[in-house]
Amino acid sequence: MQRIRLRYTKRGRLRFTSHRDFQRAFERALRRAEVPMAYSAGFTPHPKVSYANAAPTGTGSEAEYLEIALTQHRDPDTLRELLNESLPPGLDITDAVEARTSGLADRLTASVWELRLDGVADEDAERAVAAFLVAETVEVQRRTKNGMRTFDARAAVAELRACPQPDRPADERCAILRLVVRHVTPAVRPDDVLSGLRAVADLAPPVPAAVTRLAQGLFDEESGTVTDPLALDREAVPIAPPTAVGTASP
Amino acid sequence: MFPQLEALLPHVQKPIQYVGGELNSTVKEWESCDVTWALMYPDAYEVGLPNQGVMILYEVLNEREGVLAERTYSVWPDLEALMREHGVPQFTVDSHRPVRAFDVFGLSFSTELGYTNMLTALDLAGIPLEARNRGLDDPIVLAGGHAAFNPEPIAEFIDCVVIGDGEQAVLDMTAIIRAWKAEGRPGGREEVLFRLARTGGVYVPAFYDVEYLPDGRIGRVVPNRSGVPWRVSKHTVMDLDEWPYPKQPLVPLAETVHERMSVEIFRGCTRGCRFCQAGMITRPVRERSITGIGEMVEKGLKATGFEEVGLLSLSSADHSEIGDIAKGLADRYEEDKVGLSLPSTRVDAFNVDLANELTRNGRRSGLTFAPEGGSERLRKVINKMVSEEDLIRTVATAYGNGWRQVKLYFMCGLPTETDEDVLQIGDMAINVIAKGREVSGAQDIRCTVSIGGFVPKPHTPFQWAPQLSAEETDARLTKLRDKIRGDKKYGRSIGFRYHDGKPGIVEGLLSRGDRRVGAVIRAVYEDGGRFDGWREYFSYDRWMACAEKTLPESGVDVDWYTTRERTYEEVLPWDHLDSGLDKDWLWEDWQDALDETEVEDCRWTPCFDCGVCPQMDTQIQIGPTGKKLLPLTVVK
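Protein chains in written order, with our numbering: chain A, 1 to 250; chain B, 1 to 636.
Each hint can be trusted.
Partner residues are not named here, just some residues of chain A that face chain B (Cβ under 8 Å, in silico):
{"#": "1", "residue": "L14"}
{"#": "2", "residue": "T17"}
{"#": "3", "residue": "G58"}
{"#": "4", "residue": "P208"}
In silico BS3-like pairs for lysine-lysine, Cα to Cα no more than 30 Å straight-line:
{"#": "5", "chain 1": "B", "residue 1": "K247", "chain 2": "B", "residue 2": "K302"}
{"#": "6", "chain 1": "B", "residue 1": "K14", "chain 2": "A", "residue 2": "K145"}
{"#": "7", "chain 1": "A", "residue 1": "K48", "chain 2": "B", "residue 2": "K337"}
Bear in mind the hints are in silico, worked out from the structure with no lab data behind them. C-beta atoms are modelled at their ideal positions from N, C-alpha and C, and glycine is treated no differently.
Can you make the complete structure from the sequences, with help from the hints?
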C-alpha cells in the first residue's frame, strides 16, 4: 500500500464549500480519475482518505492537507495532474508527495492567514492590531453546538500585523492583515481574532472580511515561521520498491 | 452580479448552494447566443438540482449552437430577505445573471406546492407577477411539468404552458423565438405568444376566456382570437434511445436529496392505477433499450463518479428486459462498488429476485412495496391488482432471503373508502410480521406502514371524485394508529408513518382549481407563504384564511373545489388541455371503479381504448430486443 499526501486549495467561490461538501467532491473525483484507492473493511467500505484540520466554510485556503492510501503504486505528480483534471477549478491540488514519515497531523501546529478588510483604513487597522497585541487576554464569544462559548483569542496568536498598501488609491480603503495562529484547543479562528479586534478597538469592517489560509505547518518558535509540513517526506530517503522475486530466467 | 451576491453569502445557511460551478455544468458565452433560457425548479437547490426534467432540458438546450440555458432555484428566506434589502435580483447559479435578462423563464412544476415559490422568484427577478403587465423586455414565463396539465390556477401569472415531454418542445419554441427576434420582434410579446400558440402545442392562457355558470361551474372555455386551437395537445417523445439525456449529469458540491446517477429506463405506464396522474398523462409506454441503458450507465458513471445508479420509471420492474438489465449491470459493476437501485416496484415475488440480484454483495436492509389500498375491495376500485395472498407470498420470499424490513405504502381517502378498508391495513401489517417471523425465525424483523392522503388529480378517472376532508382523514388514520399500537403481539414490530390531512386539502384545491384560485395563491404569497412543500413553512391556516378572503366573490369555496363530487356534464377547468385520454373513457373507467371492475394492462392484453395512441399518433414501444449486456473491457 502506498500513501500519498496532497496539498490542496479552496479558491474563489469554492471557498463556500463545507468540509463535508469537499469530502464528497473529492471522493467522486477519485472515482472519476480511477485512482486505485484502498478501501476500509466492513459492510460499507470507504476509500481511505485522512483529512487534516479543514478550514472553516467561507474561508479560502491555499494550504489544506490530506492523505490517501492506494493499492497500487502511482507517481505523485501524475496523480496530481489526473486529480486536477477531475476536480472543479478552485479545488486544486498544488502538491503531492509520497508519505515517507508518520504524523502529518502532528506537523500542522500553526496557520498563516491573510485577512482582507474592504472599507477599512490602514491606520484604523494598525491601531486595532496594536491594541490587540498589548492586551494580556482578549475574551471573545462564539456560538458552538453547545451554545455560546467564551474563550481567549490572544494567547494563540503568534503574529498579527497590518500590511499597509501604499500604492492603493486613497479612496479605495482596504486593510490587509497577516495573522499567524497556533493550533490550540479550543481552536482560535480568524473570525475570533476579528471579534477580538472589535472587542479591543471597536474595529467593525463594513463588509465581511475575505479570509484566506496561506500556509499551514510546523511552527518554529525561534524564528516565528511556519514550515512546509511535507518537507520531511520530500527529503526522506525513498522507500526501495519491493524487489521482484522469481524473475530469473531458466 | 456575483460580487453583489458574494457579499451576502457569509450571512446565510449553506452558501455553497448559490455559487454554481457544479461538475458538468455549462456556462456559454452570453453574446454568442440569440435565444436564452433560465430554467427553474421552484424549490430549494437540494431538491431542485437532482431533478431529471430540468437536467435534461438544460443539456438539450446547451448542446445547440446559439442557445444557452442556465439554472435558478428558490432561495431560502434568509437569503431572500438579504436580496430584498440589498436590491439583488433572482439570479441563475451558472453565471449569476439576473433572470429578467433571459428570453424565456421556464419553470418545471412536479407539484402544485411550488406555485408560491414561483411568485417569490418572479418578484425577486423584477418581473411583473401578472402576465398582462409584462413588457417586451420581460422574459416569456413558461410552465411545464406534471402539475402544468392543469395550469389554470396559475393562468394569470404565466405567459404559456407546455404539457408533456419537453425535449423536442423546447427546441421548437427556440426556433420560433429566434425567428421572431431576428425579424426585430414584430408585434411585441403578443405576436411571439401567438406564433407559439398557433402551433397547437403551446397553451397561452391569455388567448382563452373562461365563462362561468350562475352556480359557479364553468360554462365553457373559448379562444378569444382566431388562429389558436380549441384544445392544446401534449408532447410525446418517441424513441427514448434517440434522447439519451442527461448524458453529463450535474454533480453538485452541496448535498442534495438524490446523490446518484439516474437513468430513465422507460417513460409512461399502462398499469392503469386510477389514482395515478403520472401513469395517465405519460402514455404510451416507451422503453429505452437494454443496450441504450447500459451505455447511459457507463458514460454517466464516468462523467460523475457517483456510487449509485437508480433505474427510474413509474414501475421499473415492468421493463420487458428488466431481469437481463439487473443481472447485466450487477455483473458489470460487481467489482466497482457501484450500488444499483430500483425504485417503484410492484408487489410480486419476481421483484424480490430482482432486489436480490441488485444487492448481491451489499446489505439487505429494506424492501418497499405499494399495495396502496388496505382491502382487496378497495384495490379493485383503484385498479391495483394485488391480492393479500400475493403480498404475503412476496414478503415471505423477502424475509426468507434475508431482508429485515419491509415498507408498505398506502393511501387514505380513496373513493368509496370506509373506516373498515383502512383498518385492514393494520391486519395486513400484522399478517406480514407473523409470516416474516415464521419464515425468518427472527423476532427483530420490521414492517413500516407509510400512508399518504389521496388527492384526486386532473386527467385521471378520479378527476370527478370527492376528496376526503382533512378531519375525516385524520380520524380514520387515528383509528388505524390505535389499532396497530394496541396490538400486543405485533404492534411493536410495526412502524406507522402518516401525514395529516391538511396539506392534502391545499394540494387538492390547487390540483383541481380553476382561474379563480389564482387570487388565493397570490394572497398566500403576499402574506408570506413560501416553500409549501416543507412542513416547517407550510401553513394550512394561512391558506384557508386567504381562501376565505378571496373566493367568496366567485361564490365558491375550498370545499367546492375539494370535497365536491363532479358530474359527467361538468366542464372541467383542464378540458381544453389534451392529454390524449378520451374523456368518455375516463368516465367509464370511473364508473368501473365504482363497480369494482378491474382493467388489464394494454402491454399484455388488447387495447382498451383509453384514446391516447390514436389521438397523439403514438404507439407502445416495448422489447424484448433479445440483446444482453456484455462485460465491459477493463481498461486499467
